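One-letter residues, chain by chain:
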Amino acid sequence: MEFCFLRILKLTMKVLVMLLLFLGNIKNSTAYFSSSSEATMHTNNWAVLVCTSRFWFNYRHMANTLSLYRTVKRLGIPDERIILMLADDMACNARNKYPAQVFNNENHRLNLYGDNVEVDYRGYEVTVENFLRVLTGRHETAVPRSKRLLSDEGSHILLYMTGHGGDEFLKFQDSEELQSHDLADAVKQMKEKGRFKELLIMVDTCQASTLFSQLQSPGVLAIGSSMKGENSYSHHLDSDVGVSVVDRFTFYTLAFFERLNIYDNASLSSLFNSYNPNLLMSTAYYRRDLYQRHLEEVPVTNFFGSVMETIHTDSAYTSLTNKNFGGAKTKTFLGQSFSSSDINSVRNSDDEDQFNNLTAEEDQHDEAGQCIFCAMDSGHLWSFILGNVITHESVDFFVCYGLVLMLPLLVFSTWLSL
Amino acid sequence: MEEISNFPLNPEPPEEESPQSQMHESTPDRKTMRTTKPGIKRLILSLTVLFSFIIGFPFLWKSIEIYRAPLPFDRIESFSSQLESDPLHFPCRFQAIFVGFDFSASRGLGPNDVAAAITRKMSQLNPNSSRCGNCIGGDYDVSVVIDSGSSCAQTEGSEAKCPLKCGEVVFGGKLSDEDFDEMLKRCLGNVGGGGKGYSVVVFNGDKEEGEVRAVVGKYRHAWVLGHVSEDEAVSRTAEIFARVFMNAGSEGNSIRSEFMPVGADGRIVLSFSLLNAEPQDWIYDWSFHEIDKTLLHPVIQALQPIANITVESQVLYYTPKSSFSYWDDIHGSHIFSTKDLPFFLNSNEWHLDTSVAAGGRSKVLQLVVYIPSAKECPLQLELPNGDLSKTNGFISPMWGGVVVWNPESCVKDLESKDPDRRVISPQNLQKLFEVLMGQLRQLLGLKSDNLYVGQSGAYILLGSERGFTEWELDVLSGKHVCFNLHSCATTLGSLSRLVQSLPRMIIIDEIGKQVKFSLEAAKFAQSYASTGIYNASAVSSRQARSLVEDAFFHPSIMSISYYSFEHCFAIYSPFFLPVTMHVILAALREWKRYKQENRKYLAWKAKERIVS
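These protein sequence lines are chains A and B, in that order.
When the letters of the first sequence are read in order and numbered with the working numbering, they come out as residues 1 to 418.
When the letters of the second sequence are read in order and numbered with the working numbering, they come out as residues 1 to 612.
These are calculated hints, taken from the structure and not from any lab test.
Predicted, not measured: the structure shown is a model, and the values here were computed from it.
Don't take each hint at face value.
[What the hints assert, rightly or not] SDA-like cross-link-like pairs, simulated, lysine to any residue; straight-line CA separation at most 20 Å: (1) K41(B) / K595(B); (2) K97(A) / N111(A); (3) K185(B) / Y219(B); (4) K147(A) / M558(B); (5) K339(B) / P378(B); (6) K595(B) / I584(B); (7) K592(B) / F412(A); (8) K41(B) / R589(B); (9) K592(B) / W415(A); (10) K513(B) / R68(B); (11) K339(B) / H42(A); (12) K592(B) / T32(B); (13) K375(B) / D281(B); (14) K513(B) / T141(A); (15) K592(B) / V411(A); (16) K513(B) / E140(A); (17) K62(B) / C568(B); (18) K523(B) / S85(B); (19) K147(A) / F553(B); (20) K147(A) / R361(B); (21) K147(A) / N348(B); (22) K147(A) / S556(B); (23) K147(A) / D550(B); (24) K339(B) / M41(A); (25) K513(B) / R138(A); (26) K339(B) / I262(A); (27) K339(B) / N261(A); (28) K37(B) / Y601(B); (29) K147(A) / D265(B); (30) K607(B) / Q596(B); (31) K339(B) / E297(A); (32) K31(B) / K595(B); (33) K592(B) / L416(A); (34) K339(B) / E309(A); (35) K31(B) / K607(B); (36) K147(A) / G359(B); (37) K339(B) / A266(A); (38) K147(A) / E129(A).
Make a model of the complete structure from these sequences and hints.
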């Protein structure tokens, strides 16, 4: 009974929020694209890793994010270019049997919360507002550099988010929601201001693909763990810790990256093809219509690692010491040597096989890991109507007519009451 | 409120409205007429309430209004369109002085013809000179002085002294290039109004002079010495003007707009780091204070118009590189190749970013000196063609540069238990600094070769102890002004679109002011540019950009914090709509009733009149 009531409440809330959001975003839909040149060189890599869930039973979301953090750091993105947002502190949770440690596997081989973990936004700092501030760069003056995304038009940004989500939203802190419109709006503003060259959005949440539906900025590639109407499941339960420790999508992403080092040339398409729907128990979805390059030609290190574009320094500026060192020695170097990131030489380096022992049973998934918030089936009807009946142009008309229609109703009801 | 809402709820039936009418016996039909005037108390009451609502509406409207500082949208629009249609150009004056030539005798050409020939040649060499930040394309302001020894001719309007007074010194004594440069500056310095013109002096020497020596000085002068034909003199002059002075020797595309490592607030933080890969082997230190004072200071001064530069330095220990190197017997050193460079940087061990002092949007450029461990010493960079790199360094655009510096002796002191502390000698430090300077120039888009090979010969480029020659600074300033103004225009455009797309967003006064000042600064930059004042123009354009960036990134602009008008309507309509409806309906009803009753009264009156 109580559940039913809650369900109805949630539904109405959702409808209300969607309506408000719709109203709020009508005016924002004017597309503005900058005419920046496409020839910009890729010069640096950034990563924004976000865990949006609080509470102990969402342990796995923090483990997901920390695993990704470890991976991108291993592949060369320095700490000052990683914005790590963790909504809760599982390592110090009183229920944690392994204090100050976080594991993403029941074999407990790898402590994700070891040395050199720089959390930029922690606990209640992880809000939709702060997240959007990080993306758009609109901070208070006092916010230090380490908490800012100081990317430029040559940056590749990896945006990883995990938490509980649903149709076109992602919950933050169990209290607010990031809507697909908000995300699209922030990305559009980033593009407008030249804050990225290419952006890879990776989302591990239920119905993750719906979060990308409003994106329209070029250079954005999006991958989600599940299609609309699908849940994303956790991978396995750690009986020592007592909760599930990793999500399926992230688990297989990590499994892919554990085979790689910074010299590898594995392409994004090989990453995308590595997801097996039977193992994920959901369909990984990627949206690539906004992305210009062929995925076969883009190495994963373009987003998950940092391979720097380097140019050899041909000559020193000698004239400073001309007087000391006699006449100017003339030298000519007319050819500049470019070493582009595409010529990644494959090296047999020390294979770090911390993850190689990820040998949990594949079919063991716990019910607790299911998304609670994905089960809003009747919400589909509303979004179906919104999606199909109302195109963006007719929204204004729809709203105006709706309001006009309300007036006679009101008059009628008032008249009746007299 | 209670009064209003109660009012329509207790409507008295109209029949009981006028008790006086019952007293009148002569009324035949109470349905159609009445003997007394209808009361207007209720009508007045309901209309008062309605009017108070109507009067109150503007107050409500005012109270829910949000403050939006007025932004000059039309000025933003006109600024961007003007920048689009009319790219920014600097006026440049070019002056060619030919000493010992006689164009009129040999070719029958006057100075004006020679000037036209040079202009033509320059246009050929620089076809895309209409690019923003360049000299005014098409018609270059070229003046020519021809001093043939016996006679002297010049184009009209030329400000040069004719004949050139310092010409005779040239062949008298052998001067070094630097002294020659200084001398030319002395005698040409006043030429061209404030020394902003570029000059090339061609001295025709004898055949036995040997090879032709063409030098570009560190101010805005160049000279060609030796036996050159008239044609060659003209083409060399044109090439120096078009390729060197206007493009800083670059081939057009090597300076790209994205290679502008200046922060949005117009600041650069130069962060110098000395990395000791393995302090167990040796620990090097440097007297950075000395470098800062003697070598770096003039450079920062020179770049002052382009960016506000601050310097910091640090020495780090235990910073191994992350790429591989191998021992090479031929070179007798450890080798790392250019294709390993992308992996050289060890981001996990090199904690370079200490720039707490740097503001949010400043640019930090890392300049790193890497000292290898004894195991991999000496460490050399191999180029793709098999040669060893002269500089042993590389840059990463927008990030900074790395130089590998090998200690003189790679032998580790095995006996001592204490760490082997050493200091880089001033000579080595100076050499190191030259490479770092070359990297800084490279990051800014300038080459550091001291020889430019053009179509008509090679030109020696003299360097300046300030790190940048004056003509290089002109080119840099031009590019930066252009980049800043364009960035300013696009940001202003984005901001105005954003602001217009969110009509319920509060725009605080600060944003309005920033936009206004930014537009003003941009105007100043344009006007300075049109008069050829590079430095002031660069400073103003930087200001314009940083102000508009501040406005755009103002923390109060967050779409999520604001709701649309529809949302506002949705909030207030439940409060007011039902009440308003009742008030309007009540007023209407009262009005109708009054009219009806009044008609009855009038009918009775008319009847009375007939009766009487």
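Against the structure, the hints:
1. Between K41(B) and K595(B), the direct Cα distance comes to roughly 14 Å. Compliance with the 20 Å bound is thereby established for this hinted pair.
2. Restraint check for K97(A) and N111(A): satisfied, since their Cα atoms lie roughly 13 Å apart, inside the 20 Å limit.
3. With a C-alpha separation of about 7 Å, the suggested pair K185(B) and Y219(B) falls inside the 20 Å cut-off, and the hint holds.
4. A threshold of 20 Å between alpha carbons decides the hint, and for K147(A) with M558(B) the separation of about 18 Å falls inside it, so the pair holds.
5. A threshold of 20 Å between alpha carbons decides the hint, and for K339(B) with P378(B) the separation of about 19 Å falls inside it, so the pair holds.
6. For a cut-off of 20 Å, the pair hint linking K595(B) to I584(B) stands: about 16 Å separates their Cα positions.
7. In summary, the hint linking K592(B) to F412(A) is supported, as the alpha carbons are separated by about 19 Å, within the 20 Å threshold.
8. Taking the CA atoms of K41(B) and R589(B), the gap is about 14 Å. The hint holds against a cut of 20 Å.
9. Only pairs whose Cα atoms come within 20 Å are accepted, and K592(B) paired with W415(A) is accepted, the gap being roughly 15 Å.
10. At most 20 Å may separate the alpha-carbon atoms for a hinted pair to count; K513(B) and R68(B) meet this at roughly 12 Å.
11. A distance of roughly 17 Å separates the Cα atoms of K339(B) and H42(A); the hinted pair therefore holds under the 20 Å criterion.
12. The suggested pairing of K592(B) with T32(B) holds, with an alpha-carbon distance near 15 Å, which does not exceed 20 Å.
13. The suggested pairing of K375(B) with D281(B) holds, with an alpha-carbon distance near 9 Å, which does not exceed 20 Å.
14. Of the pairs offered as hints, the one joining K513(B) and T141(A) holds, with about 17 Å between alpha carbons and a cut-off of 20 Å not exceeded.
15. At most 20 Å may separate the alpha-carbon atoms for a hinted pair to count; K592(B) and V411(A) meet this at roughly 18 Å.
16. The suggested pairing of K513(B) with E140(A) holds, with an alpha-carbon distance near 18 Å, which does not exceed 20 Å.
17. Taken as a hint, the K62(B) and C568(B) pair is honoured in the structure, with Cα atoms around 13 Å apart against an allowance of 20 Å.
18. A C-alpha spacing of about 15 Å is found between K523(B) and S85(B), which places the hinted pair at or below 20 Å, so the restraint holds.
19. The hinted pair formed by K147(A) and F553(B) meets the criterion: a straight-line CA distance of about 15 Å does not exceed 20 Å.
20. Among the hinted pairs, K147(A) with R361(B) is consistent with the structure: their alpha-carbon atoms are about 12 Å apart, no more than 20 Å.
21. With a C-alpha separation of about 18 Å, the suggested pair K147(A) and N348(B) falls inside the 20 Å cut-off, and the hint holds.
22. Among the hinted pairs, K147(A) with S556(B) is consistent with the structure: their alpha-carbon atoms are about 18 Å apart, no more than 20 Å.
23. This hinted pair checks out: K147(A) and D550(B) have alpha carbons roughly 18 Å apart, not beyond 20 Å.
24. The suggested pairing of K339(B) with M41(A) holds, with an alpha-carbon distance near 17 Å, which does not exceed 20 Å.
25. For the hint linking K513(B) to R138(A), the alpha-carbon distance of about 18 Å falls within 20 Å, and the restraint holds.
26. Restraint check for K339(B) and I262(A): satisfied, since their Cα atoms lie roughly 13 Å apart, inside the 20 Å limit.
27. Restraint check: the Cα-Cα separation between K339(B) and N261(A) comes to about 16 Å, which is no more than 20 Å; the hinted pair holds.
28. Between K37(B) and Y601(B) the CA atoms are separated by roughly 6 Å; this keeps the pair inside 20 Å, and the hint holds.
29. Restraint check for K147(A) and D265(B): satisfied, since their Cα atoms lie roughly 18 Å apart, inside the 20 Å limit.
30. Restraint check for K607(B) and Q596(B): the C-alpha separation of about 17 Å stays at or below 20 Å, so the hint holds.
31. Pair hint K339(B) plus E297(A) holds up; C-alpha atoms about 19 Å apart against a cutoff of 20 Å.
32. For the hint pairing K31(B) with K595(B), the CA-to-CA distance comes to about 14 Å; that is within 20 Å, so the pair holds.
33. As the CA atoms of K592(B) and L416(A) are separated by approximately 18 Å, the hinted pair is consistent with the 20 Å bound.
34. This hinted pair checks out: K339(B) and E309(A) have alpha carbons roughly 10 Å apart, not beyond 20 Å.
35. Distance hint between K31(B) and K607(B) is fulfilled; the C-alpha atoms sit about 14 Å from each other, no more than 20 Å.
36. Simply put, K147(A) and G359(B) have alpha-carbon atoms about 12 Å apart, close enough for the 20 Å limit, and the pair holds.
37. Distance check on the hinted pair: K339(B) and A266(A) sit about 18 Å apart at the alpha-carbon level, within 20 Å; holds.
38. For the given pair, K147(A) sits about 14 Å from E129(A) by alpha-carbon distance, which is consistent with the 20 Å threshold.
In terms of the numbered hints stated before, the structure departs from none.
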